[in-house]
Amino acid sequence: MKSKKILNQIPEIGEGQIKLLEKLSNAVSVSGEESEVRAIVIEEIKDFADDVKVDALGNVLVTRKSKVKDPIRVMVAAHMDEVGFMLVDDEGEGLFRFEIIGGIDNRQLVGKPVLVGKEKLPGVIGAKPIHLTTADERKNPIPLDNLRIDVGPGNSKKCKVGDRATFATRFEIWGPSLVGKALDDRLGVATLIELIKHMPENIELLAAFTVQEENGLRGARVAAYSMNPDIAFVLDSTPANDLPVWDDEENSRYNVKLNHGPAIYRLDASTLSDPRLINLLAETGDQYGIPYQFRQPGKGGTDAGAIHKQRGGIPSVSISVPGRYAHTAILIARREDWKNTLALMYATLCNVTKELFLTER
Amino acid sequence: MKSLIKKLVETVGPSGYESKIREVIRGEVEGFADEIQVDAMGNLIIKKGEKKEGGLRVMLSAHIDEIGVMVTHVDKNGFARFTTIGGVRPHTCYGSRVRFMNGSAGVIGGERLENANHVHTIESMYIDLGASNPEDCPVKVGDVAAFDRPFEDLGNRVISKAMDDRVCAAILIETLKLVKNSPHELFFVFSTQEEVGLRGATTAAYAIDPSLGIAVDVTMSGDTPRGIKMDVSLGKGPAIKVKDGGMLADPRLVDAMVQCAKKQKIPYQLEVLLGGTTDAKAMQISRAGMPAGCVSVPTRYVHTPSEMVDINDVNNAVKLLSALISEPIKLV
Amino acid sequence: MTDLKETLKKLISLPGLSGYEAPAREVIEAAWLPMVDEVSVSPLGSLHALRRGSGPEPRPSILLAAHMDAIGLMVTGIQDGLLRFTEVGGVDPRILPGLRVTVHGRKDLPAVVVQPADYLLEPSQRGKSVAMDYLFIDTGLEESEVDELVKVGDLVSFAQEPLELSGKTIVGHSLDNRISVAAITYCLQELQHMKHKWDVWAVATVQEEETLGGGFTSPFELNPTIAVAIDVTFGKGPGANDWRTVSLSKGPTLGWGPNAHPYVHKKFLEVAEDLEIPFQKEYIPRHSGTDAYAMQVVAGGYPTMVIGIPLRYMHTPVEMIAMKDMERAGRLLAETIVRLEVDFMDKITWDEVKDEE
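Going line by line, the protein sequences match chains A, B and C. The numbering used here puts the last residue of the first sequence at 361; the count rises by one with no breaks. The numbering used here puts the last residue of the second sequence at 332; the count rises by one with no breaks. The numbering used here puts the last residue of the third sequence at 357; the count rises by one with no breaks.
Bound conformation, chain A alone:
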C-alpha cells in the first residue's frame, strides 16, 4: 500500500466518534458484568463483521476477513470492563458495605456519587463530618471498612447485595481534553470499533472486546486461545503521571506524558513486548509523522500479559492512550493523543506482514 494512500485513509476522530466515546464512558460495566458495553459494541460493529461471537466469559469476538489470500491474522484487543465496586452487605437504612473490584486507591472514594446496579440507581460514598474528627485522625486515609455506599434510608429503589456500582461521572469535553470515568479502557474500545469499521485490506482482523481485564486479564486469556492469532496488539490507556514533583526536581517517573502521542510498551509487569512489533510501531510512526512515545518500563499490566503466553506463544505489544488519574472518578485524556493512537494503529496494521516474523525474536 502506498504511503500517501494510507495517510489519506487514516480514520478521523470526528463528532460521531466523540459521541460514541461519550456513550461508552457513561455506560456502566464493572468487571464480571460487562453487559451494557457489550450491547453497545455489538450494535456498532455488527454490520461490519463477518462473524460475531460471545464466548463463555462474555468476551465479544469479532472476525473481519481479508481481501488477500493467506493474510496475516492479527488480534487486536481492548477491554470492556472498568474498575468499580460490588455491594457485599446490607446494613439497613440504605447503607451497604462494598468491596473494590480492580485496583482503586481508597483515598479516591470519599465523597463521591455512585451509580448502583443495572438500573444505575444513585448512591453516595460519604464521610464522617469533619466536626466529629480529630486532627490526628485526619492524617490517615479512611479505611474501606469505614466507608459505605448510601442509597438513602428505606432503599425504596431496591438495591441489593451483589449489585455492582461505579462512579457517577458523566463524560464532558474541556477544551482539548476528554473527561470521563472509565476512559481506561473505553478509549481502547472506541478505537477498536473504528479499526473494525475501517479495516486495512492486507490483514485478517480478530477483534476481541475482552472482559475481566481489571480482575486478572481473564477474558483476554481465553479470547487469545480461541482466536489463535499470528500476532496481537492490545489497546489500553496508561496513567500519565506528568505532574510536578513535590520538590521541583525533574520528574523521572512520569510513566507517559499527555500530548506526546500513543505510548508503546516495552516492559511492564505482565509482558516483555515483542521487539519486532515495537520496531514496527516506531518505524510506522516515523514514516507517517505520527507522534509516539515509549511508556516507561515498570509496573502495571495489560491484556497482552495473558495473550502472549497462550498456545505456542503469540508475539504481542501494547499501545495506550495516555490518561491522567486512571482508576479514579475522573480520567483526563487529550483528544489529539487519541487521534494519533488510532492513526498509528491503522497505519501499522497496513504495514504488518508475515515476513517481519521470519527473523527470530
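Hints listed in this document are in silico derivations from the structure and should not be mistaken for laboratory results. Mixed in with the good hints, there may be bad ones.
Unchecked claim - Partial list, derived from the structure: chain A residues whose beta carbon lies under 10 Å from chain C:
hint, residue
1, 52
2, 55
3, 162
4, 221
Said to hold, decoys possible - For lysine to any residue, the following SDA-like pairs were computed, each having C-alpha atoms within a straight-line distance of at most 20 Å:
hint, chain 1, residue 1, chain 2, residue 2
5, A, 160, C, 120
6, A, 299, B, 122
7, B, 330, C, 22
8, C, 197, C, 37
9, B, 51, C, 43
10, B, 236, C, 77
11, B, 140, A, 252
12, C, 107, B, 270
13, A, 354, A, 312
14, C, 236, A, 35
15, C, 281, A, 99
16, C, 347, A, 312
17, B, 76, B, 107
18, A, 120, A, 154
19, B, 229, C, 120
What the hints assert, rightly or not - Quick look at which bits of chain B chain A covers, simulated, 3 or more residues with Cβ under 8 Å:
hint, segment
20, 35-44
21, 318-330
C-beta atoms are modelled at their ideal positions from N, C-alpha and C, and glycine is treated no differently.
Based on these hints, arrange chains B and C on the given structure of chain A.
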C-alpha cells in the same frame, strides 16, 4: 565444562532479550540436534530421537535468561534511572557494575540516604555511564543490561553472575551431547523469560505437548554461616526437587530419579526449597497436565552477581540426567 | 440411600496431601465406580468418572469438581532427631504448637509439633506467634531411629480423629475438601434413580491447595460444557463473622461474582427455590479461591459456577461441617443436572440476568 560455563555466563541476556545467548548455545548444540527451532517467545528448542518401545515424549528445560535492569529515564545530567527485570534484590545493586546489550558499561549509584545503614530502594538508584547529558549517554529508555562480574575458578567451586541458570544450560548441552540410544523422544528447551514468570516454558510446553517434564535449575543451599535452614549443601551432589515455593514434584518422578541415582552410584540430595520456583511448574499444569520435576544445582548467593556452584555437582547432574533419559522411565 | 457418614469419616482419616493424593483417590474411586460408566486417572492423578446421560449425541456435559487434596506439612530437615518442616498448602503457624500429627516416613509415626522454650528462640520470636521455621516435630524416637525412618520430603498429616458433635456435625481435618467429594458422591447416588440428558463428569481434583493444578488440567482433557466447583466456604465462628461468612446448617452457598456465570447461577437458584432446598448466597467480588478460578479460563473458557459447603475453622485440624449442608448440596447438584435441558447452551447468556432473591 568450566570453559563452556564461562562462555555462557559471561554473555549478556536478560529476560526478553536472549538473542545473543541463544546464538552462543545454538553454536554448541548444532551438531547434535535432529531438529532446531526458535519459537515466537525466542525459546531454542532442540529435538533429538524418536519415541520407541517404553519411551515417552520428554521435555527438558533450562532457562537462558538472567535477571537484569532496563533504563526508564535518562535525566538532564545523563544519569539513567532503571527498573528491574526479574528478582533483582536492591541490596545487590549499589556499587554494582552493569553491562548493556550494546556493550556500554555503567555503575549503579544512589541518592543520599538519611541513614547510611539502610538499603537504597530501586527508585532511589541510578546508573552512571559517565555521561553528562542525555545526548552523551550511550543508552536510552528501554535499553537492557545484566550485572557484570567475570567468571572465577576456585577449583572445586566456580563463581559468576548468571549461574542461574546458565550453568544448567551447560548441563543440558552436555547431556544432549552424551545421550545415545534413548527410548524417548527428547526435546531440549533452552527457555526464555523464566525470571519474569516462566513465560517461555509455558508456551514451549504447550507447543511440544510432552508427557513428562524435567526442569534443570539452581536451588539454594543451607551450608553457609547462620544461613537458611535447608538440608542441601554444595558438593553433596545434584538435588532432586521434592517441593518448592510454586509446586510439588511428582512423587513418581522423584522416585525414578532417586532410583537412577542409586543405581548409577551418583551422589544426590533431596530438596525442599521454601521460596522460588522453576520451569517445572509451567510444564506440570500445561494442557492436560504431566508429571514434572527438577534436577537442581545447589547454589550459594542466588540472584547476586556472584553465584557459586560446585563443579562436581554440575558434572554429577549431567551424569544423572543422561542416565535417567537413556533408559525407560517407570512412573509407578 | 447409603449413609455417607462412615465413608466420610474414613475418607478424612486418610492421608492425601497435595501432590500425594493416591490414598484418598483409591477410596473415592471405589465409592464412585458402581455409580458411573467409566473411570480414569489424569496425568496429575485427578480422578475422572463419567456417568453418561440419555440425551442424543453429541451430548453436552457438566463437570463437577471437588479437590481431594488436603493441607499438611512436609519434612525439610532433621536436626538432633527432631524434624524441621514446612507447610503444604496454607497453614496458620498459630495452630501448630502442641498439635498431634502423623509422620509418613518409612512407616507411619505418631508425633507432636513442639515449640522450644522462649530463650532457645530467636529474640524476635519470643512471646510472639512462632514461625514454622523455629518449630519442630518430635516423634519421641532416638536420633538413629529417626535417621532410618524419616527423610527430607516426607509428608506429615494432622492426626485429629473425626468427632461427631451436636447438631449432626462432623469435626476433623481434611473436611476441606473431602466433604465436597462426599457431596458429589451423594449427588451420584441420587442420580441412580433419576434420568438426566447431560453427561456428568465427577472429578476429584488434585493440588488445588498448591497450584489449582487439577482445576487447570482436567477441563483441558475432558472439555466439558459447564464446570462447577464444589468447595468449602467460610462458616461463621469466633472472629469470623463478616459478610464473607455464612451460617452452618442453613444450606450450601451459590456463588455470585465474575467467577460464576450468572445464567448458571440462576439455574441453580431456580431449582433450589422450586424444591425449597435451603441455600445461602456467597458474594465473590474478585476470585473464588476454588478450582472454578482455574476452570473458567482453561483453553477457550468455560461457564463456571461455585457451590459452597459452609465450614468452620477452615485449615485447622478441627474443621466443622453440618452433614445436612453436604446432603443438600448433593441433592441440589442432582436436581439441577436432571433439569438441564438439551438446548440450555442455546439460551445461556451473561446479559439480562438479574440477581433476584
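How the hints compare with the structure:
| no. | hint | result |
| --- | --- | --- |
| 1 | 52 | violated (14 Å) |
| 2 | 55 | holds (5 Å) |
| 3 | 162 | holds (5 Å) |
| 4 | 221 | holds (5 Å) |
| 5 | A:160 x C:120 | violated (55 Å) |
| 6 | A:299 x B:122 | holds (13 Å) |
| 7 | B:330 x C:22 | holds (17 Å) |
| 8 | C:197 x C:37 | holds (15 Å) |
| 9 | B:51 x C:43 | holds (19 Å) |
| 10 | B:236 x C:77 | holds (15 Å) |
| 11 | B:140 x A:252 | holds (13 Å) |
| 12 | C:107 x B:270 | holds (19 Å) |
| 13 | A:354 x A:312 | holds (17 Å) |
| 14 | C:236 x A:35 | violated (34 Å) |
| 15 | C:281 x A:99 | holds (16 Å) |
| 16 | C:347 x A:312 | violated (33 Å) |
| 17 | B:76 x B:107 | holds (18 Å) |
| 18 | A:120 x A:154 | holds (17 Å) |
| 19 | B:229 x C:120 | holds (16 Å) |
| 20 | 35-44 | holds (count 6) |
| 21 | 318-330 | violated (count 0) |
The earlier numbered hints that this structure contradicts are 1, 5, 14, 16 and 21.
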